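Those protein sequence lines, which keep their order, are chains A and B. With our numbering applied, the first sequence corresponds to residues 1 to 83, in that order. With our numbering applied, the second sequence corresponds to residues 1 to 647, in that order.
No lab work stands behind these hints: they were computed from the structure. Source: prediction; values computed, not measured. Ideal Cβ positions, reconstructed from N, Cα and C, are used throughout, including at glycine. Keep in mind that a hint or two might mislead.
[As the list claims (entries may be wrong)] Below, computed lysine-lysine pairings styled on DSS-like, alpha-carbon distance capped at 25 Å: (1) B:Lys230 to B:Lys440; (2) B:Lys524 to B:Lys596; (3) B:Lys502 to A:Lys7; (4) B:Lys515 to A:Lys7; (5) B:Lys308 to B:Lys385.
[Stated by the list, open to error] Partial chain B-side listing against chain A, Cβ under 7 Å, derived: (6) Ala187; (7) Leu194; (8) Val486; (9) Val493; (10) Asn496; (11) Arg500.
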Amino acid sequence: MTKIERKHLMLAVLASRDEIDPDLETGLLEAIVNAEADAFGDSDTAMRAIDSAVTDAIERRGYLQEAKPTTDAANVNGTEGEA
Amino acid sequence: MLTLRRLEVEGFGPYADQAVLEFPDEPGVTVIYGDNMRGKTSLMNAIRYAFFGEVHGRGDRTRRILTACNRDLAAAGIYRFTVGLSLRYEGDNFDLIRVVTPKVGAPENDEDFTTTVALRRGGIVLGPTERTALLHAMLPKDVARFFLFDGELLDQYAELLISESDSGRLISEAIEHILGVPVIRDARDHLTMLALKASRASAKEASKHQKTEAIGNALQEANDIREAHKQELERKNVELADLLAERDEIETELRRQEIYAVAIERLDTARKDRKRARKIQEAKASELKVAMREAWRTLLARPVAAAKAEAQGIAKDAVARLVTSLRVDAIESNHCRICDQSVPKEVGVRLAASLPENATPTRSVDYTGMTALAWTSELDGFKQKDVRAEVRLVSEALRQARIDEAEAEGRIADANKTLEGHDPDELRRRKTTLTEIGGKIHAAHDAIKDEQKLIGDQDAAIARLTRQLENAGTPELAAFQLRERVLARARAVFENAVERYKAELRARVEDSATKLFLQMTTEKHEYASLSINDHYGLTIIHKDGRAEDSRSAGAEQVVALSLMGALQANAPLRGPIVMDTPFGRLDPHHTANVVKTLPSMAEQVVLLVQEGEIERATVRELLGSHLLKEYQLDKQTARRTLISEAR
Chain A
1 MTKIERKHLM LAVLASRDEI DPDLETGLLE AIVNAEADAF GDSDTAMRAI DSAVTDAIER
61 RGYLQEAKPT TDAANVNGTE GEA
Chain B
1 MLTLRRLEVE GFGPYADQAV LEFPDEPGVT VIYGDNMRGK TSLMNAIRYA FFGEVHGRGD
61 RTRRILTACN RDLAAAGIYR FTVGLSLRYE GDNFDLIRVV TPKVGAPEND EDFTTTVALR
121 RGGIVLGPTE RTALLHAMLP KDVARFFLFD GELLDQYAEL LISESDSGRL ISEAIEHILG
181 VPVIRDARDH LTMLALKASR ASAKEASKHQ KTEAIGNALQ EANDIREAHK QELERKNVEL
241 ADLLAERDEI ETELRRQEIY AVAIERLDTA RKDRKRARKI QEAKASELKV AMREAWRTLL
301 ARPVAAAKAE AQGIAKDAVA RLVTSLRVDA IESNHCRICD QSVPKEVGVR LAASLPENAT
361 PTRSVDYTGM TALAWTSELD GFKQKDVRAE VRLVSEALRQ ARIDEAEAEG RIADANKTLE
421 GHDPDELRRR KTTLTEIGGK IHAAHDAIKD EQKLIGDQDA AIARLTRQLE NAGTPELAAF
481 QLRERVLARA RAVFENAVER YKAELRARVE DSATKLFLQM TTEKHEYASL SINDHYGLTI
541 IHKDGRAEDS RSAGAEQVVA LSLMGALQAN APLRGPIVMD TPFGRLDPHH TANVVKTLPS
601 MAEQVVLLVQ EGEIERATVR ELLGSHLLKE YQLDKQTARR TLISEAR
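Isolated chain A, as found in the complex (with noise of 0.2 Å):
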């Protein structure tokens, strides 16, 4: 999947997080969204590729916004609150 064909979807996510999530740092989804496609039918790669990502939005913490309260339904984990 080239970067053009990759930017359709990254659009969608990007649009999603405006809407539900806007504190959401473009970097961590973009990160996400990459190491689906580069690992695209091999689960652990791309797991270990977000898990990584995640760490390292956490390390930028200044560049990830904790969100205002959300809903349960669009929250598995109940991750409201301050951090």
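With chain A's structure known, arrange chain B on it following the hints.
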């Protein structure tokens, strides 16, 4: 982007000798002309074989390797064949080669062959893991139908309009695959798994501290239960997929053997009819026997009536004689013996006047009347019953049942003739299995819904416990909880993105398909657009807004071709379109429109066509500069074909 550069076959299908197709680099159409039985489908199948190592027939059916061997060579004991495909993928050149050699002198089954496969990138042979991953990335098997297709595959897309159809669901899943939905869906699923892993880590950490131990333990337990349900759900999903695949396989087999399936149905019905006819015969024969037991009475009815009349006549005469005799006696003796009274003279005169001439009293006892009365009485005891109508009805029913049996025998003989060489019991078992599988699929759907609900319940419990843990949080837990929250937030974004992306895709596919459809249809003045449903099924919309609910087979194919082109236009996964004899159901005007539209359907199009479908001069005129190369398939012998350039 995947493009084909060269196809080389030897010993495959009708290509006994080495045969080569070169595909030009620039965007456009390559046309291969060939009459029926010349090997057009074999070329399509050679490409499929190169990618997937499976021998295909028409549609998506797989066949034994032996069926791909050239028959001339096989007759001479040579069963080897080679398929080589040169490709360009994401800027790199690849050579994919499969060589099949027999292990035994006269191979029959796939196990009797050895296949060697190699994928070279720039001349370097890749390892098996990289080869498999690359081939899967270039052309995943479940989406190959959108790149390599024939008329039969096009026919399947009508299933997309039937929302409850499982094969429609499988096709729409494949469509979502080609459109890149799995990238976002996998991200959502992987984030879910990672979030749960993080939740477990938080719970484990919480259980180490007195303040949060109870919540931590409860959270761990909730996670364990959820995991158990998730595993069960996965198991059920696999079970369902297996059942659907099994059902598809049986349905395909039954479709292929439809003529035999119909014959079996006829055989079963005829056997039932014969059984019923025989039962009716038994019952009617028995009824007839009972009816005939009384039938002799009918034969005697007339003589009995005559005898009775005669006896009544005799009795009547005897009574008349007795009365006369009594009167004569009364006149002569002036005394009535019946009432023992005197008969006055004037009464005697009246009586004498009423007597016949020469009447005399009877001096002897006359038993004739008594005997006649006794006969009459006996004949009255003869119960007359007319069973002729009943016998006629029963006989007619018996005759009809015999005709029905003979007719059923005839149908049984016809069905058996059709089934000669086939095992009807095997086909019948398959039909029974199909019915059983239907029941199991229904049960699996229910079980999946149940598991999904149970997982939802656990998710709610986990969310509640996580909130409690956060409220009672300790500094040691903060890092775990932060990770959990970030993962959950990202998951929520991707969850929402899946549906958003799918909705956007449907809108884009609908738009592209409409454009292509309006280019290809000959009814531009009548139709306004195509409308897409949730399964990517397309409905023709008239200019007055009305949906076309009964479209012809030709219209189905034009709509299916529009969908193919639209998928190519919107898919992150892009490649060549190779179409085999796709114009079978189209009239010349639609065929011309489709050919004109081909260059806008994909960058590389390979059209396998017979000149009966469209003439070479017409193709050249319609495609103009988009026509890059033409080949023709020439008959050498019935089992050998040569490929030559036509232009």
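Hints violated by the structure (listed by number, smallest first): Per hint list: zero violations.
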